[in-house]
Amino acid sequence: MLKVENASRTFNNGLAGFKDLSFAIQEGETVGILGTSGCGKSTLLRVLSGLDAGFEGDIVLASLGERPIGMIFQEPRLMPWLTVKENILFGVKDKKSVDVQEYLNLVGLSEFGNHFPKDLSGGMAQRTAIARALIGEPSVLLLDEPFSALDAFTKMQLQDLLLEIQEIRSTTMIIVTHDIDEALYLCDRILILGGQPGRLEGKLSIEEAKPRDRGDSNLAAKKAKILDVLHIE
Amino acid sequence: MSVKTDVNEIFEVKEKKAIKVNSEWKKVKGFALGLIIPAVLLIIWEVAVRFSLLDAYVFPAPTTIVQKIIELANEGTLWGHVGVTFYRVAVGFLAGMVAAVVIGSVVGYFKWFEQLMDPLIQAFRSIPSLAWVPLFILWMGIGEASKVMLIAVGVFFPIYLNIVSGIQGVDRKLIEVGKIHHFTALQTVRRIIFPASLPSFLVGLRSGVGLGWMFVVASELMGASQGLGYLLVVGQNTYSPELIIASIILFALLGKATDFLLKTLEARALKWQDNLQNQF
Ligand SMILES: Nc1ncnc2c1ncn2[C@@H]1O[C@H](COP(=O)(O)OP(=O)(O)OP(=O)(O)O)[C@@H](O)[C@H]1O
Ligand SMILES: [Mg+2]
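Protein chains in written order, with UniProt numbering: chain A, 1 to 233; chain B, 1 to 280.
Source of the hints: derived by calculation from the structure; they are not laboratory data.
The hints are all genuine.
Subject to a maximum C-alpha distance of 30 Å in a straight line, what follows is the list of computed DSSO-like cross-link-like pairs (lysine-lysine): (1) B/Lys271 - A/Lys95; (2) B/Lys173 - A/Lys93; (3) A/Lys118 - A/Lys95; (4) A/Lys95 - B/Lys179; (5) A/Lys85 - B/Lys179; (6) B/Lys26 - B/Lys271; (7) A/Lys118 - B/Lys271; (8) B/Lys263 - A/Lys85; (9) A/Lys96 - B/Lys271; (10) B/Lys179 - A/Lys155; (11) B/Lys173 - A/Lys118; (12) B/Lys271 - A/Lys93; (13) B/Lys263 - A/Lys118; (14) B/Lys173 - A/Lys96; (15) B/Lys173 - A/Lys19; (16) B/Lys179 - A/Lys118; (17) B/Lys173 - A/Lys155; (18) A/Lys3 - A/Lys19; (19) A/Lys19 - B/Lys179; (20) B/Lys27 - A/Lys118; (21) A/Lys118 - B/Lys26; (22) B/Lys173 - A/Lys3; (23) B/Lys179 - A/Lys96; (24) B/Lys179 - A/Lys3; (25) B/Lys271 - A/Lys85; (26) A/Lys85 - A/Lys155; (27) A/Lys93 - B/Lys179; (28) A/Lys85 - B/Lys173; (29) A/Lys95 - B/Lys173.
Partial chain B-side listing against chain A, Cβ under 10 Å, derived: (30) Asp171; (31) Lys173; (32) Val177; (33) Gly178; (34) His182; (35) Phe183; (36) Ile192; (37) Leu198; (38) Leu270; (39) Gln273; (40) Asn275.
Even for Gly, the Cβ is constructed at its ideal location relative to N, Cα and C.
For reference, chain B alone in the conformation it holds in the complex (with noise of 0.2 Å):
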């Protein structure tokens, strides 16, 4: 009898077991799938780059790419670069950002203001924000304001149309539960309005940093001392086309890491939303 139970015990586990492995295994496959293509075409890249089918002054080989990142960052100076490219996107960013909160929240939520404002928003906004630049320059000099408010420029449009369109589709039937309960329009805003749009700002927020790495890249381009985009046309001007891959490949790093920040933010905060992301 007992000799039976432990026989049945040790096959449930086992199938548990097997479950688990095989999950985990079906996600490092599908890892896996997506990296054969990249590094397949590495492969080809390399091996047509050293059997000179490929000019190495126009498509340097991969390796020489990392090589080249590698040795900027002994030299040091790579940090330099990278932080201050950094720093402007940083900055820009914070300042786009405060703006369209402010401005946005106030549209949302007073209709008599979007009345006033939004026309007057819409038009800017059909003004392709890159057009800004020389005008910008003849303002603010060639140096950090223009740039940084080029990029606040670029942020703002994004996050602003997001906050007034979360703050406007706010369901009416929550705000009658907090009418129900006597709220204050201060406790409205805080306890109903602000959660119930937070999903739709924090999409603003990542589209408006994907947004400010676009910009960060067009201000260095204009004219810089410093940066990733000044690497880019260092490279231009200087005849090596593998500092500006390894500029794009900081780039693409950069980008993502914040984008991977910000997912991250969104998911924490919005674990209560029902999408298909939290399903498991």
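Isolated chain A, as found in the complex (with noise of 0.2 Å):
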């Protein structure tokens, strides 16, 4: 569905961004990119998602639909002026088609669709940017540390509302995210960058079938392989 061959974006002379990235994504997968901050993990979302052109190397998107692609910020990115029920039909064509009220209950946010963005705390605001890129359906779901800014109980929470639209629309989604547990809870595999420019330091497969149980310690066991990988870079 995904395929990315050689591909490097960089700034600063070669001393920021990723280099010689090499992956492909089956339909339906989710994958996770762990790394440290500053290894170009925003820097591959944009590139995947058609915002920045400037990369080198082949990006291949195969049979996409009409809704391609999918993205959460790193930041909420509302817009100040329309209210967090306008906010989440923002890209919408057809606003008759959908049911807003459905998608404001899914994010908890049910009370709130008149509400405009300087009334929300960090944690709804980012709530809405979910909602947001959830009504347009994507077929590749691009997400870059979206529960960051949230509590563990709504983490946990969302967390399973990703992994109930994946398994209702098998979209394919690509986490970037700094929590180990999240990704090993979400993924069904997990790429690894490091350094800068970031470049692929491992590779890990999650085969249990999920939902998984938080604290298998299988699952454990992984984070600890993780962990060692992190601690070589």
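Can you join these two chains into the complex? Each is in its own frame, and there are hints to help.
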């Protein structure tokens, strides 16, 4: 579905960004990307989403539907002049065909549809952004640390929400995260980046069936492995 | 038991009322405080004129000025003067605004057009607008055209500058959200750039209107047969300071009214803004 070959995107004379990345992602797969701060994870998502065309190498996206790519940014990026409801509907072409209230409920903002972003907490704003991405029903969803601004409890709820959506729509997802447990809970495969510019430092498959038990001992073993890879760097 | 709750309820209600009255009282008090000095000065002024401490031919008493305004209103000429001045400002303002919106939008949106046009516009901006007066009179005569033109030129620059900086200041991150949703250029302008630069545009409108009033005075001083500026000239020539001060007061009232209108518009259009004014 998505194939990246020897892709590089560097800044500062090759001292930042990412370099020589190659990987492939199957349809319906959830892939996590872990890595230290500044190793080019956000840059990679920008390249994949088409926002940044200044890369080298090959990126092939196959057989995409009408709504190819959705993205949840590291920040909420809401339009301050639109209410929560209008923000969620921002990219929707036919506004009557969708049920906003359903998405408001989904992210726990049923009472806040008519509030402006200035009246939201950071976590609520991020949840609005999540609803905005989900309502487009994209076939590929790119997520840049989507839950890092949320409390542990909401985070878990939304992780389960992603799992549900993934199961219903078999969305292909690429999740950038700093949270190893989150990656282990959600992903079929984890890519570990490191260095500046970032390169692929390790790969890891997780075959366990979802939903997984957060305290699973196999996952704990994998976590140790990941920590190992991150520490070598 | 039930008696006890009753007492509690009464107590609560009483407290709430007290707080509300208190805040309203504070508002009134703040407003009244601002009126004290002007009122005292007016009384001193009036008394000084009455007791001939001030020469009434130089400093007409406040009551004389008010009488003058009422007299003009009764004669029926007042509305003509006010109407003409207002009309000039309105037409000049609209013309200047339309030009500023069109040119400012293109300059703000297209980098190459900015490089093409901005040096020229900046050069024109450094000319004090009143310096145009003789040229406009030569070109267009002393009639309405030159007056409206002068006002339009004065109104143009603040609006233009605010539109350009508003458009250029739109957060790239918001534009990227549009790109993710495959917005066309037109959609990006209409749904992101326009609302995001609206606050800056409204600031431009307000300072534009202020300048519009300033330039209407200049344009009417340079020759007019009607208008508040014309009354200033008449007051000077017939040695009637009360007429001059009456016109000044009318200018102040009109200017304040248009500014208030725009301010209300601004508050309505920008209630989403996260600033000090929207906090309560
Ligand atoms: N447009 C740009 N111009 C110059 N340098 C850039 C640009 N975008 C990103 N960089 C640099 O590329 C590097 C990687 O940035 P990126 O945002 O991809 O990091 P990240 O892995 O997402 O980090 P974090 O985990 O902190 O979000 C940084 O050093 C950043 O300064
Ligand atoms: Mg990042």
